Amino acid sequence: MAYIIQGDTGDWEIVIGLEVHAQVISKAKLFSGAATEFGAEPNTQVSFVDAGFPGMLPVINGTCVEQAVRTGLGLKAKINLTSVFARKNYFYADLPQGYQISQYDQPIVGEGELILDLPDGGTRTVGIERLHLEQDAGKSIHDMHPSKSFIDLNRSGVALMEIVSKPDLRSPEEAGLYLTKLRSILRYLGTCDGNMQEGSMRCDANVSVRPVGSTELRTRCEIKNVNSIRFVQQAIEYEARRHIDVYESGGEIRQETRLFDSAKGETRSMRSKEHAHDYRYFPDPDLLPLVIEQSFVDGIKAGLPELPDEKKARFMAEYGLNSYDAGVLVAEKASAEFFETVAKGRDSKMACNWVMGDFFASLNATGKTIEDPPVTAANLGALIDLIKDGTLSGRLAKDVFALMVETGKPPAVIVEEKGLRQVTDTGAIEAAVDAVISANADKVAQVKDGKTALLGWFTGQVMKATQGKANPAMVNEMLSKKILG
Amino acid sequence: MTKLTDLTMAEARDGLAKGAFTAVELVSEHIKATEAKRALNAFIVETPDLALAEAKASDARRQAGKAGAMDGLPIGIKDLFCTEGVQTTAASHILEGFKPPYESTVSGRLKAAGAVSLGKLNLDEFAMGSSNQTSYFGAVENPWKKKSDPKAKLVPGGSSGGSAAAVAARMVLGATGTDTGGSIRQPAAFCGITGIKPTYGRCSRFGIVAFASSLDQAGPMARTVRDCAIMLGAMAGYDPKDSTSVNMAVPDFEKALTGDIRGLKVGIPKEYRPDGLSDEVAKVWDQGIEWLKAAGATPVEISLPHTKYALPTYYIIAPAECSSNLARYDGLRYGQRVPGKTLDDMYKKTRAAGFGAEVRRRILIGTYVLSAGYYDAYYAKAQKVRRLIAEDFRKAFETVDVILTPTAPSAAFGMGEGSDDPVTMWLNDVFTIPTSMAGLPGLSLPAGLSQDGLPLGLQLIGRPFDEETVFRVAGVMETAANFTAKPEGC
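The listed protein sequences derive, respectively, from chains X and D. Okay, so the first sequence: first residue is 1 according to my numbering, each after it adds one. Okay, so the second sequence: first residue is 1 according to my numbering, each after it adds one.
Don't read these hints as lab results, they were simulated from the structure. Remember, it's a predicted structure, so these values are computed and weren't measured experimentally. Cβ atoms here follow ideal geometry from the backbone N, Cα and C, with glycine treated the same way. Treat each hint with caution, since some may be false.
Facing chain X, from chain D, some residues (calculated, C-beta under 8 Å) [claimed, not checked]:
#, residue
1, R205
2, I208
3, P240
4, D242
5, T244
6, A320
7, S324
8, R328
9, D345
10, Y347
11, T367
12, L370
Start from the sequences and build out the full structure, keeping to the hints where you can.
Put into structure tokens, the structure is as follows:
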């Protein structure tokens with residue numbers, strides 16, 4: 001999937017590394033017992049620890065550690081039994097302690113990997129550099145007063161996992177696939193809800209470019225806090241183009257932090273030089289090194305759910321699905337579960353076609369979610385059963401499905417109410433066939449002369465005459481017998 | 001009958017138990033003493049009304065047979081401990097007016113044991129200093145006087161100078177201190193009282209305004225070894241709110257005072273006898289060794305080879321941690337704020353106005369040693385040396401049970417002396433800092449008087465979490481020293 005940008009001086013490729021901040025699903029903050037619910041009234045979920053009051057000390061929340069380890073295992077990563085919390089020192093109004101407690105040179109999770117599911121059905125492995133735990137800062141609000149800023153510390157101290165990829169991504173599309181897959185894994189694990197709109201998953205993109213064929217890593221710029229996958233892709237595209245333009249006009253790229261303006265579709269410099277930060281990292285003396293036991297890790301490992309990659313492999317093996325279909329179905333746990341309910345004891349390819357075809361279309365059309373589907377998995381399964389036992393033809397089934405979406409009724413009820421049962425009565429079909437044959441003697445002759453493709457036309461006519469209720473197989477058989485003998 | 005303010009904590013406890021006097025009487029006498037000695041400037045905030053109400057409640061508890069281990073005993077709380085509803089300043093302008101809505105674990109435990117606080121005691125600003133001259137609320141005066149110059153005001157030592165002065169001047173029976181590099185032991189020595197910095201992790205740091213987190217430790221200051229044992233028993237113990245507090249049972253320290261130290265080996269570190277050690281201090285040290293020998297212990301010369309690096313190492317690590325710990329004082333949420341045109345301007349003005357010179361000096365040093373490009377040269381190296389210092393002690397304790405050293409290189413000095421040279425000032429902690437770096441318990445007790453009539457202290461250092469042996473040896477030395485001198489007028 002080579003993504004090349006053509007410049008005036010030649011072809012360029014992009015080198016992208018992503019840092020994702022994923023808010024840990026936990027009832028309490030990383031170092032205090034305060035609640036973490038989204039959308040609470042400002043400053044109602046703040047302990048004295050979170051507000052940086054004198055004498056307050058952090059105490060690590062075991063649940064957050066468990067969630068980080070869980071995520072690490074989900075990313076096939078090395079779990080470090082000893083990790084160290086460090087202080088990242090800087091002054092800002094929404095950082096009450098004057099430092100953020102984060103992990104620096106000894107994170108809880110080391111190298112891992114993530115598999116991208118490419119649109120052509122192929123896969124590509126992207127390296128994970130590390131995952132570390134850190135606390136979030138509060139929120140500054142600058143638009144509520146002409147000269148004052150307001151601070152909401154509800155988010156202060158909330159646990160984040162910073163998941164850092166290796167600079168392995170080569171296109172905006174890959175970056176999007178990476179984020180999609182990562183979000184999928186986090187959701188399967190139940191460690192982050194992955195909701196980018198609410199800010200519980202935020203992405204920083206590190207972008208640089210280099211001439212195709214080169215292996216150097218040029219100066220990168222970091223685009224901070226982008227809050228949708230689409231924007232991440234747009235930001236990368238814009239930034240790469242900007243770098244190329246700068247290089248081609250003889251300029252230099254300065255390492256800096258930039259913001260993406262989604263309204264203008266461009267990035268701009270966020271921090272000027274005089275605000276360049278020296279974070280003065282050092283191990284937090286209020287916290288001892290975090291030491292966990294291998295048995296703790298093993299226990300979490302034993303309780304891991306089946307993750308997207310494994311599920312995909314199983315779907316391919318068990319249901320005979322192709323890589324693309326399996327990948328789509330497992331992207332969300334709920335759709336995989338939906339599919340499996342539909343497919344259980346039935347023709348799995350048929351189940352796959354229905355789920356990925358009419359059912360997904362109905363989700364789009366109705367705006368409903370897989371958690372609250374327009375047609376339940378049980379009803380869709382029942383519909384397939386009606387096709388299998390000959391009650392419905394494929395064509396009738398589509399009509400029934402539309403009515404299921406409309407009414408929410410089970411397919412059998414609709415079939416009864418609307419009299420949509422497929423006609424398999426030989427006499428009735430024969431009458432219809434005979435009527436069509438006698439009305440189209442000229443075409444019969446053509447078929448007899450060898451233009452057998454016209455048989456399909458005859459089928460269509462018979463189906464039309466029976467309002468689609470005739471069993472098409474029976475119609476075909478009878479037509480060919482009567483015309484061709 | 002002895003004045004109530006002259007009693008030890010143990011005597012007062014027993015008197016209350018026998019009904020010889022009430023807590024209200026005991027507390028009232030001490031309130032009078034605090035008023036009489038106000039010129040020493042030992043208190044930043046006095047809370048007599050609160051104290052009397054608590055004394056009444058204490059008497060009621062005693063009547064109901066529910067008296068705690070320190071019930072009714074008047075004490076003072078160093079103003080580094082957050083006290084619910086009572087102004088807590090760390091002796092800094094930046095926290096002036098701050099009333100915490102919470103209580104530090106240690107002061108809360110003392111309250112729970114029934115102790116009655118008379119108020120918040122003065123200290124060096126943010127506990128940074130060795131002479132209690134850096135307090136925004138003014139210097140504390142040592143109640144002791146030089147025979148040769150009785151008019152000269154002397155420093156009480158620091159940073160727990162208010163605590164030491166209040167205990168020495170009989171304003172309280174005991175006081176809390178905190179010790180980062182010697183801030184309990186050195187003022188105890190300067191004021192002729194006893195104080196112990198327990199093992200790091202023995203007392204919770206929750207609610208204590210942080211100076212250098214990896215070194216700060218709370219401890220008791222009182223007039224006798226027994227009193228310190230009683231008080232430490234009430235202060236110590238595991239606290240789930242402090243990740244560095246150790247989950248370990250608190251022994252009955254008072255029971256450790258058996259008076260029997262026969263067979264113990266007492267380490268005498270040769271590196272603690274530097275050139276220029278005052279003759280008087282050296283003499284008291286030798287005297288201490290003799291006392292222990294006479295009681296059946298064996299002095300053993302030991303070597304703590306990395307001692308000479310302790311002071312410079314400390315003055316990298318402590319400021320590094322302080323520069324970070326004090327970042328929260330930004331004028332945004334509590335304390336003083338000086339408005340500015342921009343956020344950064346507000347920070348600068350607030351912190352420039354709120355912090356005194358010594359605090360600013362240490363923040364600058366700390367910021368420098370942690371900064372990119374200098375971290376490895378200073379902070380990382382200091383941590384390595386710190387481990388070597390701790391290793392010295394660990395090795396020494398393979399052969400000895402306790403270590404005896406002087407507490408400070410000299411007796412209390414005059415206010416203003418040496419204060420123009422911060423480095424000279426820092427040398428006051430030369431004997432106490434290595435213990436702090438290693439996280440070990442260290443106790444200072446008065447062992448004699450200088451020719452000029454000022455108290456001189458000796459320090460006993462113990463194995464980690466072996467405060468019992470330290471107390472046991474200190475009890476024997478206390479008896480031998482028979483230190484009965486008092487500051488004039490007390």
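Okay, the hints, checked on the actual structure:
1. R205: With Cβ-Cβ at 6 Å, under 8 Å, it holds.
2. I208: With a closest approach of 5 Å, the I208 (chain D) hint holds.
3. P240: Interface hint status for P240 (chain D): holds (7 Å vs cutoff 8 Å).
4. D242: holds, 5 Å
5. T244: At about 6 Å, which falls below the 8 Å cut-off, the nearest Cβ of chain X leaves the hint on T244 (chain D) intact, so it holds.
6. A320: At 6 Å from the nearest chain X Cβ, A320 (chain D) passes the 8 Å test, so the hint holds.
7. S324: Because about 5 Å separates S324 (chain D) from the closest Cβ in chain X, which is inside the 8 Å limit, the hint holds.
8. R328: holds, 4 Å
9. D345: Violated: closest Cβ of chain X sits about 12 Å from D345 (chain D), beyond 8 Å.
10. Y347: holds, 6 Å
11. T367: OK, holds: T367 (chain D) within 8 Å of chain X, min 7 Å.
12. L370: holds, 4 Å
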